[in-house]
Amino acid sequence: MDLDFLAHLPAQRDLLERVLARYAADERVLGLMLYGSLAQGEGDEFSDIDLNVVTDPPHHADLLAEAPVTAGSFGRLLYNFRGASDEPTQFYAYFDNHVKLDLDFILPGQLNVYIERRSHRVFKDVTGELGQAVEQSERLPERFVPDPADLAALDAMFWIRGTDAATKTARGELWRAHAVVEYLRKETLASLAACLDGLRPTGYRRIETRVSPEWLRGWEATVAQPTRESLLAALAALIDCYSRLRDALAEQIDTSFDLTSEDLLRRRLRDLGVPLALPA
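Residue 220 in numbering that gives the first Met the number 0 sits at position 221 of the sequence shown, with consecutive numbering throughout.
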């Protein structure tokens, strides 16, 4: 298999070569697709190996159960673990060359992840499913445009969870409130910033260089310490940043939001101690 595109990353290349050889020879494996920074040509010495493993349904559970032993044949394995309940098909392994291997064991028909342009490399495709997904991705518009319905759901989530963070702060559950603020920054600010530049949201991944600096303006103020004063100030900054990004995106794609409900929640947040300026 041609891995010349990883010639500058020998640790990743050598490990991936062993992984591909092992699973390509396994008849229970129907497909292998590399994704992430290595596939995009953006890899560096810190990059993980992200690999989709499409499995024959009757053997799916066995392949996943065998993953720790199989991984041990790729090199000196230091640690490994299965994904949590929200990612039960994931397997993670860390080797003594300091490369992390992320395997996602999926079934045919479950390739519902968005395949971005130039973000994938297929190494095995028995059913042709991966090839079809890649072909479909080539027909996607260059610029990602979010669905207004998805933005409306994001907006509702932001105000509900934002109010939740304020109530937890008022109750004195400071670490829980802190976790909500962190969650909202990633799920809303990072998503909107990517959409404004026509990119599909990928959380914080390379966001410092992936999106325009103007969209990141003011984010530092949203980083809170676990104290009441800091959390309330961070929430206010979070709301300011969110509103600025959301309104810019609404204008860009010609959509609108429920400002009546937002006004009611802003007043509630103000009552809970968040230093917000109320509309006239």
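Hints were generated in silico from the structure; no laboratory data involved.
Hints should not be assumed to be uniformly reliable.
[As the list claims (entries may be wrong)] Once the Cα atoms are required to be at most 25 Å apart in a straight line, the calculated PhoX-like pairs of lysine-lysine come out as:
hint : residue 1 : residue 2
1    : K123      : K99
2    : K167      : K185
3    : K99       : K167
Hints, verified against the model:
Of the supplied pair hints, the one linking K123 and K99 holds, its CA atoms being roughly 21 Å apart against a limit of 25 Å. Proposed proximity of K167 and K185 is supported: the alpha carbons are some 19 Å apart, at most 25 Å. With a C-alpha separation of about 36 Å, the suggested pairing of K99 with K167 is violated against the 25 Å cut-off.
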